[in-house]
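Make the full structure from the sequences, and use the hints.
There are 2 protein chains.
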Amino acid sequence: MQYSIGVEYALHCLVYLIDLPVDSPIGIKELSAYQGLSETYLSKIFGKLSKAGIVDSVPGVKGGYKLAKSPDAITFWDVVTAVEGDQPIFQCQNIKDKNYFYRSKENNDACASCTPSDCLINMVMLDAEEKMRDSLRSRTLQWMNEELERTLPKETREDARAYFKKNIKVK
Amino acid sequence: MQYSIGVEYALHCLVYLIDLPVDSPIGIKELSAYQGLSETYLSKIFGKLSKAGIVDSVPGVKGGYKLAKSPDAITFWDVVTAVEGDQPIFQCQNIKDKNYFYRSKENNDACASCTPSDCLINMVMLDAEEKMRDSLRSRTLQWMNEELERTLPKETREDARAYFKKNIKVK
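Heads up: the protein sequence lines correspond to chains A and B, in order.
So the first sequence is residues 0 to 170, counted in numbering that gives the first Met the number 0.
So the second sequence is residues 0 to 170, counted in numbering that gives the first Met the number 0.
Treat the hints loosely; a few may be bogus.
[Unchecked claim] As a list, the in silico DMTMM-like pairs of lysine to aspartate or glutamate whose alpha-carbon atoms are at most 25 Å apart:
{"hint": "1", "chain 1": "B", "residue 1": "LYS164", "chain 2": "A", "residue 2": "ASP96"}
{"hint": "2", "chain 1": "A", "residue 1": "LYS50", "chain 2": "A", "residue 2": "GLU29"}
{"hint": "3", "chain 1": "A", "residue 1": "LYS130", "chain 2": "B", "residue 2": "ASP133"}
Calculated from the structure, these hints are not laboratory results.
Being a predicted model, the structure only gives us computed values, none of them experimental.
Shown next, in the form of structure tokens:
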């Protein structure tokens, strides 16, 4: 059970969108060429990011994508849910209410008060997921950008800036 | 992105295995009939639980499955990994080392020092997953059994005990 590779693609692409001058959108073609990723698949991922309000599509020959809001207002969790949706990882099918006795006694009192949410197993699983979500909500793209600036070799970021400066169509 | 329904099935079945007299294995047939689950699919799930050392298969006409160790030595995380495996949810394909410059400079120093583990994005995602894992490691089957005893209507547990007592083949 894994997130689709789209989560990895999205987060890596956003690194370059944060680091660009304002009003200089990057095209899917440039992002995919730079990182060696499938252009078609990346288009789909950016469609999801756009729908979630994380990036804005700038139409036209000089178009592409740019962040739709400040990087300190976009968390890792926002990106994960944009690509994967926000349904729980754990599938509760409310098994406890389908057992032999409840199946055969439609008006059973114990069952009538049961909902998926009050199943102990479901609660333990969702509580654990919430710990993961909280951790991802605490990390913003702004934080990521600052960490990369602090930890990556200077050359790595300069190479990327130079590449996209050359390849983007500055207005 | 979701866990397979097998995680839900496994946890719900284990509730009944904890609650049985020692040396009274329950068969897949009884477990599936009681809960209205597919017998074939449940067999596959129990194959995984057995391989992971969570349950023991008791062969023969009076056979079935029983816990392989004390319920306080089995955590929710053990059950999840038995069914789903323990690979990370986040797929790191080390995109950062495949970019335009690193692709074209095989001996690039920055790249030579890179491994998937030191990608910031991978570290954030794995750290978040670890929060979820820790939460699931903190909950044992013994704890679950005590909570169910405390919170479920008395009748619910007694119904289940009576059902399996009638249907299991006591040695």
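Subject >> Earlier hints that do not hold, by number >> reply: none
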